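Generate coordinates for the entire structure from the input sequences, incorporating the hints supplied.
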Amino acid sequence: MAILKLTSYLRVYRKKAGLTLREAAYLLGISHFALSRYETHLREVPLPVALCCCLLYGLTVPQAFAGMYDLCAALLARRLALFRNRLGRRIANNGPSDSLTQKLSWVTARIAHLSTATL
Amino acid sequence: MRHSSSTLDRILALDLHPRSFGYAVFENAGLLDWGLRKWPSRQHKTAERKLGRLLTLWQPMRLVVREGAARREYAMVKGMARDLKIPVLDIRQRAVQDAFRSSKRPSRFDIARAVAERYPELALRLPAARKLGHGEPFQLRMFNAAATGLAFLSNHPVDGRKK
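Just so you know, the protein sequences line up as chains A and B, in that order. My numbering numbers the first residue of the first sequence as 1 and each following residue consecutively. My numbering numbers the first residue of the second sequence as 120 and each following residue consecutively.
Source of the hints: derived by calculation from the structure; they are not laboratory data. A portion of the hints provided could be inaccurate.
In silico DSSO-like links for lysine-lysine, alpha-carbon gap of 27 Å or less [unchecked claim]:
no., chain 1, residue 1, chain 2, residue 2
1, B, K169, A, K15
2, B, K157, A, K16
3, A, K5, B, K204
4, A, K5, B, K169
Some, not all, of what chain B presents toward chain A, calculated at C-beta under 7 Å [claimed, not checked]:
no., residue
5, L151
6, L176
7, E240
If you anchor each label on the Cβ, the simulated ranges turn out as follows [unchecked claim]:
no., chain 1, residue 1, chain 2, residue 2, range
8, B, P246, A, T60, 32 to 40 Å
9, A, A81, B, S160, 53 to 61 Å
10, B, T165, A, R79, 41 to 49 Å
11, A, Y26, B, R249, 33 to 41 Å
Please read these numbers as outputs of a predicted model, since none were measured by experiment. A virtual CB, placed ideally from N, CA and C, is assigned to each residue, including glycine.
The following block contains the structure:
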């Protein structure tokens, strides 16, 4: 049975760094109540706090927010696939043009990139 | 730490005692979380709430409980796991000792030291060796839980995990 990655791993990396909740909250410039809610997935992490967390613990976004990253990648891959189909239909109806062909190859490359990035 | 969803296996290891438990959460071979929880006597609602929070937060695939757990606490864990459809596995003390055996039979302190060597982030919380006539340090429960989890992992390898 495959299980999903957690939305974020902020608590894991804070504890690995040996920081208490209050210490990490002080460094991030937020209250420890707020940090606790972000770490326990009760509230979504605002972008500035997310970036500060990555900088503080020395992480990349896919490391710190593995589950969220995968979810976004899956949603984006689906939208890109739909967009590729739409472009394909447009090319079939109106004939190929430089801009449409270029867009189609770009979308195809993005889909391939996303499928390898989330493996 | 790399999180690969294809071989992801998250477990919550528990060392249950009356009025307290030590816990360790593993994702494959990586240690995610560790700690201790305690509650006043006869307040099982509090205990359930504390364990429930851990289950909600970490969404483990299975619970691993060290053999010799207090009966009432064990029943509580079993009940909660049944509700959430999480399998519970008992790990015998012998299996934990075998996982850390070198030449002689290791004591709980030897095992705790071995766990701290493997996961340096736990070293800060390693208690000093017990003196004659002194009780077992409370923090040792956390190391017992981590050792239970490691004993389980050594017998149930997942792809990409060191045995």
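Hint-by-hint comparison with the structure:
{"no.": "1", "hint": "K169/B / K15/A", "result": "holds (19 Å)"}
{"no.": "2", "hint": "K157/B / K16/A", "result": "holds (23 Å)"}
{"no.": "3", "hint": "K5/A / K204/B", "result": "holds (19 Å)"}
{"no.": "4", "hint": "K5/A / K169/B", "result": "holds (22 Å)"}
{"no.": "5", "hint": "L151", "result": "holds (5 Å)"}
{"no.": "6", "hint": "L176", "result": "holds (6 Å)"}
{"no.": "7", "hint": "E240", "result": "holds (5 Å)"}
{"no.": "8", "hint": "P246/B / T60/A: 32 to 40 Å", "result": "holds (35 Å)"}
{"no.": "9", "hint": "A81/A / S160/B: 53 to 61 Å", "result": "holds (58 Å)"}
{"no.": "10", "hint": "T165/B / R79/A: 41 to 49 Å", "result": "holds (46 Å)"}
{"no.": "11", "hint": "Y26/A / R249/B: 33 to 41 Å", "result": "holds (35 Å)"}
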